[in-house]
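**Student:** Top line first, the protein sequences correspond to chains A, B and C.
Counting from 1, one number per residue, gives the positions in the first sequence under my numbering.
Counting from 460, one number per residue, gives the positions in the second sequence under my numbering.
Counting from 769, one number per residue, gives the positions in the third sequence under my numbering.
These are calculated hints, taken from the structure and not from any lab test.
Some hints could be false.
Listed next, the in silico BS3-like pairs over lysine-lysine satisfying Cα-Cα at most 25 Å (straight line) [claimed, not checked]: (1) A/LYS445 - C/LYS1209; (2) C/LYS941 - A/LYS443; (3) C/LYS946 - A/LYS445; (4) B/LYS652 - A/LYS428; (5) A/LYS445 - A/LYS102.
Have a look at the derived ranges for each label pair, beta carbon to beta carbon [claimed, not checked]: (6) A/GLY48 - B/GLU601: 54 to 60 Å; (7) B/ILE593 - A/GLY48: 55 to 61 Å; (8) B/GLN649 - A/VAL291: 44 to 50 Å; (9) C/LYS941 - A/SER105: 25 to 31 Å; (10) B/ASP662 - A/ASP44: 36 to 42 Å; (11) B/VAL597 - C/GLY1208: 45 to 51 Å; (12) A/VAL227 - B/GLN649: 37 to 43 Å; (13) A/GLU437 - C/PRO934: 22 to 28 Å.
So, partial list: chain C residues that the calculated Cβ filter (under 8 Å) puts toward chain A [as the list claims (entries may be wrong)]: (14) GLU841; (15) PHE884; (16) ARG900; (17) ILE1045.
Beta carbons: idealized from backbone N, C-alpha and C, even for Gly.
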Amino acid sequence: MATSTSSLPAPARSSSLADSLRDAGTAALLVLVLGFFFLGVRTDIAPGGLTLTFRWGLLISAVAVVFAGRLALNLFVFKAKQPVTGRMAGILEGTDLSGLGKWLSRILLAFAIVLPFFFTVFFPDRDRQYIDLAILIMTYIMLGWGLNIVVGLAGLLDLGYVAFYAVGAYSFALLAQNFGFGFWMALPLAGLLAAFWGVILGFPVLRLRGDYLAIVTLAFGEIVRIVLLNWYQFTGGPDGISGIPRPTLLGLEFSRGDDGFAAFFGLQYDSIHRYIYLYYIIFILAIITNVVTMRLRRLPIGRAWEALREDEIACRSLGINTTNTKLTAFAIGAMFGGFAGSFFATRQGFISPESFTFLESAIILAIVVLGGLGSQIGVVIASVVMIGGIEMLRNLGFLSQIFGPGFDPTQYRMLIFGLAMVMIMVWKPRGLISTREPTVVLKEKKRIGADMVAQGEGH
Amino acid sequence: MEYFIQQLINGLTLGSIYGLIAIGYTMVYGIIGMINFAHGDIFMIGAFIALAVFLILTSVFGFAFLPLVLLIVLIVAMLFTSAWGWTVERLAYRPLRGSFRLAPLITAIGMSIVLQNFVQVTQGARVKPLPPQIQGGVTLMEGMNENGPIVVQLSYMQMIIILSTVVLMAGFTLLISRTALGRAQRACEQDRKMAALLGVNVDRTISLTFVMGAALAAVAGLMFLLLYGVIDFYIGFLAGVKAFTAAVLGGIGSLPGAMLGGLLIGLIEVFWSGYFTVEYKDVAAFSILAIVLIFLPSGLLGKPEVEKV
Amino acid sequence: MEQTTPAASAGNRWDVDPVLTVEHLTMRFGGLVAVNDLSFNVGRGDITALIGPNGAGKTTVFNCVTGFYKPTEGRIVMRHGPGLQAEAVDAVTASGLRYRSMPEGSVFLLERMPDFEISQIAKVARTFQNIRLFGGMTVLENLMVAQHNALMRASAYTVGGIFGIPGFKNAEKAAIDKARYWLEHVNLIERADDPAADLPYGAQRRLEIARAMCTDPQLLCLDEPAAGLNPRESAELNRILQFIRQEGTSILLIEHDMGVVMEISDHIIVLDYGVKISDGAADEVRTDPKVIAAYLGVDDEAEIDVPEIKQDVEEVVHVAAAPAAAATRKPARKKAAPKAKAAPKAKAAARPADDAGGHAGTRPAGLEAPRAAGADNLTLIKGVGPASEKKLNALGIWHFDQLAAWKKKEVEWVGAYLAFPGRIEREEWVKQARTLAKGGKTAFSKRVAKGEVPTSRASKPAARGKGGKA
């Protein structure tokens, strides 16, 4: 040891370096252990049984990458005196995301209105792909808003929301197949049927609380899927239903024929017209969902939902029929799910039980929670980031030039999706937009911090 | 009658596997009150590790004595799967301790997606068949029914599964009820803050809970591999949902409940497939779960929750 | 509240015009009898207090009245409109209906109604012991939620509300006005737009009361409204409760703070171990020896704040301090009890030993006088306070072995005699006595020996402490 005066800062530094090294070493060792049988060894089917391939190079490079990455993180972020992310965090903290919300939502709304034309003008060769992606994102936004009523407002954890999506889709498909219903005729019926199923399911299970409700709704979602899969005569089983009619504009079909949309308006036929039309349908459906939800929040029923999330027993002591209140939340959420489902059917023209797995429920729930429970704009941001971001991976073809021709980025889509879910949640456990706006104001509107808002844990 | 007994044996075997996975769910739920959605995938990880170890031992090192091979496979699979369980907790759940309740649920779903796709990417999406390793069994009874002669057989594989489940359950119950670790676990279950104030290392206890759950899941994974001989990256989801259903059915938080629930789900599935339709066996299991919960909201062996006003 | 004549029990206002009648209410949880055959009336326009030691079953009664528990047995009648409406009550009871609503008066059988209907239709509102607010909603929103049913009707069950019908706009304005009215009266108008979880504790209590009042209740049930309040807040609470009464709402409250209870209550009902031990105007109850005994006998229930009760307690302890001496000289045991008790405060309320003969069970055999070695210190038995010891001495029970010999019949009789049935079994007096008779020690007697718990023996240092502390 050196003299006492000069040695003071030195051990701190060296121990910080040693700590960082030790920590990075631990992380690398962990990767070695975890990756040993997955990165290091690969089993494959070969004639005469399974063969083993050893990929020590892959394992060692993974270990090295983790060691270096962790060491860099330690040195510059976690254990450094002035982490490089410090400034970034300062900037992030300074910007009040919630205050931005109003402006952001206006800008997003304006962009959403002109979106198809934006893409046709600026990306004429890829417009179809982008508009299709916008339709997909918009569908998830609508589903997120629908589920937000159940989970975000009423605080009922629903892991089987996809069931109502499926009910909506199959209702339209079957009505079209068996009775020749068009999209616009079937849409309200599909919503009503989904709401009806919401009530049928909700009635027995709504007195269950918290996680029990979650698991029963999950079970219900699976039951619906299994029935759709196995009731061959009615639903077509795994083959699904195809030939679902496309939506028409006041009777005009988007087809090449003489009575089609393009011919009627004297335009040259272009399949992009149909995409644009579909986009506006889901856009308007989503906006309706949003407006109705925002309205409901300011009505006694909406306040009762939120009160239910905060404290069910207090609700009952105030004369609120909690069963009916929960049922309406379930039914209205299911109805919007049903609308979205029948849109899905008409957009795809084909549906099968494969589209309605638990993963869909999980993604919708993740969008709601990542966006911030009860926050409408949060759902939009989360949908754009999660769905849009993941679909963007398809465009990263240039990566195969780096990693070799066998590299297919889409293969890693869901892996990255899952990692993003974990990381966003750890970074912002309350979701991106987590403040709550009061529904009624006496003098001055104050936002309510997330730490006060309950999540409806069922006590 | 013979058919019934055969189905009973099959049901108990399947139920043992569900029960072993369910214990992981129920312990984690008991101690931190969250649904560890990734647990089913930990089971899948366990099965893959077991397969890899088995292949390495037999084809690289040329071990031939099956009991020894299986013992090594079991131990290695338990150890490595435990590391996975520990890591999942450390990365996805510990940072969210004491935070918003839905957050760990979402990270759990996220982790489940990550594990599935990690295995899919690294090991391929195709199923991995393993030829049956343990064959033969004991014939319990023989009889006739309308379809001809029928034999009730208890295979050695089934015996191993049921026996090791019983042994593990007994050991586990002892661990929870007699050891300091078990006591710390029960203390954390009752009141985590108070336990911490009294000097229980809560984080370590929770980590060990995940490790134990993962180790049991690895056992279940090995048994699944040996019993069915086919695994893929997706087996964790359905097994996990079923096992969680079993844990809820038995009364979540209760170890004997998890085992009972597992056996019941196994029996329901097997009997439904045996006497009605195979396609709807999951519907039967889930429907019975819903019915039980509606009439017995805290499960079969769970403590009834008194509404505190 | 002075107009109540203390003696005329038949003419009590709450018996003539009760807003709520509880009859033979019994609530069992498994084997535990939390409330046993309880009957009482709550007068219209009164402030009625339900008091008793911890675990006496007060909150259980509340939960039965407000529908959160379904009583095992009994009838709970809520009345709108004056008088007993006896025929209407009988008619509804016989009919199997939950309630009957007439212009001249309505009758509700609360034990048949689900909790939310009790608030919505029968107009009984409540607050909770541990405050239950909607923490993430603003103060104003909390009060709007309380007006849910009125607003639902005005919004045509949401359908009209979505399209913004004018009737709903007006109803919402009226609801905000009502909320403002109550916020002004509980002094929270400045905090109207703050989240409820942000309020300090006392303000949360007041908000909970205001929220309950926004349901327009005819009866307001308050579960320990003064718990955790400082004296200034307590005084404020008293003012609010008086105001609510003036507004025409009857109040039923559970309270531990005797200052609040004695100051504002017109009528007090005392529970101990699920049984009513006293019922009357504040003056009657405060001098009732059974009440004093109930508060005295329970060792961990030492908080009696009323000076009068404190004084009574002190006197009883003083007399009890030399029980053996007095009794040995005068072997006529029947006289011993009344005399000892009546001495300090010659109140008619003291129970003469003779009427003790009317209890069920068998009266235990007593000794004329303690044996040569002197009487045992019966307060070493957990649950036996100085007052009970004195009463036992009056029966000729001086020694542990006498208690140890009691069978079920004796226990039942003594329970009735001491006016707390069931307690001897619950506290296992007989078992404790058996241990003590053999010269053993119980956990409790060790605490007494260490001076942690006051006893009747003057020789022990802590003996006076009980009176002083209590």
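**Student:** Next step is simple, just say for each hint if it's right about the structure.
**Tutor:** Right, here's what the structure says about each hint:
1. A/LYS445 - C/LYS1209: Measuring from Cα to Cα gives roughly 66 Å; hence the hint is violated.
2. C/LYS941 - A/LYS443: holds, 14 Å
3. C/LYS946 - A/LYS445: holds, 20 Å
4. B/LYS652 - A/LYS428: holds, 24 Å
5. A/LYS445 - A/LYS102: It holds: about 14 Å lies between the C-alpha atoms, which stays within 25 Å.
6. A/GLY48 - B/GLU601: 54 to 60 Å: violated, 36 Å
7. B/ILE593 - A/GLY48: 55 to 61 Å: For B/ILE593 and A/GLY48 the Cβ distance comes to about 20 Å; the hint is violated.
8. B/GLN649 - A/VAL291: 44 to 50 Å: holds, 47 Å
9. C/LYS941 - A/SER105: 25 to 31 Å: holds, 28 Å
10. B/ASP662 - A/ASP44: 36 to 42 Å: holds, 40 Å
11. B/VAL597 - C/GLY1208: 45 to 51 Å: For B/VAL597 and C/GLY1208 the Cβ distance comes to about 60 Å; the hint is violated.
12. A/VAL227 - B/GLN649: 37 to 43 Å: holds, 42 Å
13. A/GLU437 - C/PRO934: 22 to 28 Å: About 25 Å separates the Cβ atoms of A/GLU437 and C/PRO934, which means 22 to 28 Å holds.
14. GLU841: Status violated, d = 23 Å.
15. PHE884: holds, 5 Å
16. ARG900: Since the shortest Cβ distance to chain A is 4 Å, the answer is holds.
17. ILE1045: violated, 29 Å
When the structure is compared with the earlier hints, violations turn up for hints 1, 6, 7, 11, 14, 17 and for no others.
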